[in-house]
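**Q** Each protein sequence line maps, in turn, to chains A and B. Residue numbers for the first sequence follow this note's numbering, beginning at 1 and rising by one. Residue numbers for the second sequence follow this note's numbering, beginning at 1 and rising by one.
Everything labelled a hint here was simulated from the structure, so no lab data went into it. All C-beta atoms in this analysis are idealised placements derived from N, C-alpha and C, irrespective of residue type, glycine included. Certain hints may be false.
Unchecked claim - If you anchor each label on the Cβ, the simulated ranges turn out as follows:
no.	chain 1	residue 1	chain 2	residue 2	range
1	B	V70	A	V12	44 to 54 Å
2	A	Q95	B	N53	17 to 27 Å
3	B	Q76	A	V115	41 to 51 Å
4	A	G3	B	M95	19 to 29 Å
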Amino acid sequence: ETGVTQTPRHLVMGMTNKKSLKCEQHLGHNAMYWYKQSAKKPLELMFVYNFKEQTENNSVPSRFSPECPNSSHLFLHLHTLQPEDSALYLCASSQEPGGYNYGYTFGSGTRLTVV
Amino acid sequence: GESVGLHLPTLSVQEGDNSIINCAYSNSASDYFIWYKQESGKGPQFIIDIRSNMDKRQGQRVTVLLNKTVKHLSLQIAATQPGDSAVYFCAETPMDSSYKLIFGSGTRLLVRP
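Use the sequences and the hints to build the structure in full.
**A** Written out as structure tokens, the structure is:
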């Protein structure tokens with residue numbers, strides 16, 4: 001365990017479903033991130049939260065909706081996804097924005113399949 | 001956590017040999033660099049970092065070299081072991097966007113027994 005826990009580990013959903021991914025860290029970190037890792041592209045930054053405030057939305061479609069209720073929890077709400085959204089979704093946290101001093105700590109990811 | 005299907009450069013080395021994985025970064029304003037290792041079924045794991053005011057940093061069996069002139073980063077792994085087989089990513093934090101880490105495309109390291 002890295003200290004960043006993601007649930008569920010695997011998720012299969014239809015294009016009309018609504019689901020949520022959860023990320024939790026108890027490392028005392030102040031910044032949290034969502035990344036997408038797909039077969040066609042390397043790690044893509046989606047969202048950045050610093051001290052619970054969203055500081056980056058990397059042109060992510062509105063069918064992905066992040067939520068950060070406190071500095072320990074991060075959610076990614078999913079609705080009306082497309083098959084091309086199938087990927088590994090990784091959550092990460094860092095003590096400082098940008099990962100200075102030991103970088104990001106990643107969770108193991110949620111493998112999402114959209115059918 | 002695997003990058004299945006992604007066409008990655010692959011480095012194949014004999015167990016016990018040294019490995020050198022290279023990375024070219026794009027932003028001359030980047031001031032912090034990290035190497036990550038990603039094993040199958042896991043998220044990326046921090047290996048070693050280096051700031052732009054340094055050109056070399058050593059860890060346990062790993063060394064990172066930074067050449068700012070040509071914007072090149074390398075990871076050297078001494079006495080490569082089967083457990084080193086993974087995908088390796090370099091990442092940079094641009095000074096003009098210091099709240100995010102930008103990842104490279106990765107290199108797959110295969111260790112032959």
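**Q** Which earlier hints can't be squared with this structure?
**A** none
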